[in-house]
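Trainee: Build out the structure end to end from the sequences listed, making use of the hints.
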Amino acid sequence: MSESAASDGVEMVVAVIRREKVSDVKAALAEVGAPSLTVTDVRGRGSQPAKTEQWRGEEYTVDLHEKAKIECVVADVPTDDVVAAIRDAAHTGEKGDGKVFVLPVSHAVQIRTGKEGIDAV
Amino acid sequence: MSESAASDGVEMVVAVIRREKVSDVKAALAEVGAPSLTVTDVRGRGSQPAKTEQWRGEEYTVDLHEKAKIECVVADVPTDDVVAAIRDAAHTGEKGDGKVFVLPVSHAVQIRTGKEGIDAV
Amino acid sequence: MSESAASDGVEMVVAVIRREKVSDVKAALAEVGAPSLTVTDVRGRGSQPAKTEQWRGEEYTVDLHEKAKIECVVADVPTDDVVAAIRDAAHTGEKGDGKVFVLPVSHAVQIRTGKEGIDAV
Ligand SMILES: Nc1ncnc2c1ncn2[C@@H]1O[C@H](COP(=O)(O)OP(=O)(O)OP(=O)(O)O)[C@@H](O)[C@H]1O
Ligand SMILES: Nc1ncnc2c1ncn2[C@@H]1O[C@H](COP(=O)(O)OP(=O)(O)OP(=O)(O)O)[C@@H](O)[C@H]1O
Ligand SMILES: Nc1ncnc2c1ncn2[C@@H]1O[C@H](COP(=O)(O)OP(=O)(O)OP(=O)(O)O)[C@@H](O)[C@H]1O
Ligand SMILES: [Mg+2]
Ligand SMILES: [Mg+2]
Ligand SMILES: [Mg+2]
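Protein chains in written order, with the UniProt record's numbering: chain A, 1 to 121; chain B, 1 to 121; chain C, 1 to 121.
Think of the hints as simulated: they come from the structure by calculation, not from any bench.
Careful: at least some of the hints might be erroneous.
If several chains are the same, the list does not tell them apart, and a pair holds so long as it fits within one copy or across any two.
[As the list claims (entries may be wrong)] Taking lysine-lysine pairs in the DSBU-like style, the calculated list, with each CA pair at most 35 Å apart, reads:
#1 Lys115 with Lys95
#2 Lys115 with Lys26
#3 Lys95 with Lys26
Mentor: Right under this line is the structure:
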């Protein structure tokens with residue numbers, strides 16, 4: 001488990017997208033050669049300030065929107081291709097399409113085989 | 001999508017907090033100028049060793065506590081201000097208040113506009 | 001909250017494992033001296049290309065598998081020991097055992113005490 005085994009070029013692509021776009025994003029990732037992914041149900045808020053509304057005379061703040069978070073650790077496929085695939089598949093042009101973030105990964109292990117680094121992803 | 005576009009100063013602040021503190025943290029983040037966030041229902045355990053209890057003569061281990069995870073990617077607002085806002089809003093002084101972790105982000109894209117780096121956050 | 005406070009050696013270990021292995025992994029982490037963790041229900045897909053099956057004459061794609069994500073921020077216990085503990089406890093040898101990824105953490109705060117860096121983890 002040496003530092004160098006995984007340090008070059010393994011990254012985690014984290015995307016928060018519309019839930020109804022998960023299927024399209026899954027297909028796009030498989031097409032670009034990066035089919036592995038983890039999906040989490042999340043809720044969130046983007047850059048619009050919270051909207052205050054009225055209901056039966058009471059003020060309330062519009063709550064968080066339901067979204068899906070996709071995590072996709074990539075090594076041999078260029079990260080840029082993965083980000084572009086997600087961006088294109090998740091895009092509608094309306095507010096709320098989401099964001100893609102890339103985080104560095106310093107080590108990776110596949111549990112079944114014990115493989116490490118790029119071979120583990 | 002150049003490396004340099006997002007490499008300076010984009011960070012992901014990850015906080016695990018009491019679920020009943022999510023509203024206060026949302027308000028505190030908006031006030032400090034970082035309203036965007038993603039919330040996930042999680043469960044967890046802190047530094048106390050697992051407690052073993054008895055029930056009808058059977059030993060069992062106290063399970064995980066329900067918490068909320070807040071993820072907040074920040075660029076133009078100083079990360080320290082965001083961390084301090086979360087810390088103050090989530091604080092009760094009792095055990096179980098949670099933790100804040102900061103992770104580096106190497107790239108960011110806003111899906112609707114295609115904007116990258118700091119402008120995407 | 002200086003950069004240097006947490007920059008040396010704080011890492012987030014992220015593991016996606018079988019849900020039925022969460023108890024064993026919790027026990028293994030406690031044994032190795034890293035009991036703190038956050039668990040999220042997720043679903044995912046590994047390196048096998050999506051399987052297309054037939055049901056009543058209709059083709060459909062086999063959906064994502066239910067998994068658990070474990071996040072474990074470590075500082076004083078060596079990351080390699082934590083990764084090995086998870087790997088051994090989550091291993092069955094069958095396809096679908098999961099992956100472990102390690103991400104750098106640049107800062108950490110314990111909300112109750114305000115402690116920072118290694119002391120916060
Ligand atoms: N900076 C951020 N940190 C964490 N999560 C974010 C951030 N920005 C957006 N998100 C997540 O992405 C989801 C969708 O964001 P959204 O697309 O509305 O962003 P936006 O900047 O408001 O863009 P738009 O103007 O196109 O709506 C949010 O509900 C939230 O879960
Ligand atoms: N090192 C860690 N890695 C991952 N998650 C953690 C870690 N420490 C805490 N958490 C998450 O934060 C939640 C709350 O932790 P908690 O506040 O109990 O931490 P603590 O160190 O025990 O502090 P306190 O003594 O104030 O209780 C946990 O249930 C868990 O989900
Ligand atoms: N590269 C990856 N990025 C994000 N999540 C992943 C990745 N690889 C695996 N996962 C997560 O781990 C879970 C289990 O993966 P799995 O063990 O099937 O990986 P695998 O490479 O197919 O190995 P095996 O051949 O042993 O099945 C997936 O359902 C997914 O949630
Ligand atoms: Mg928006
Ligand atoms: Mg505790
Ligand atoms: Mg598999």
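Trainee: If a hint holds in the structure, say so; if it doesn't, say that too.
Mentor: Hint-by-hint comparison with the structure:
With identical chains, the CA atoms of Lys115 and Lys95 are at most 35 Å apart between copies only, with a shortest distance of 13 Å across copies and 41 Å within one. In this assembly of identical chains, the alpha carbons of Lys115 and Lys26 lie at most 35 Å apart whether taken from the same copy (25 Å) or from different copies (23 Å). Taking the closest pair of Cα atoms, Lys95 and Lys26 come within 35 Å of each other both inside a single copy (21 Å) and across two copies (20 Å).
The structure agrees with every numbered hint stated previously.
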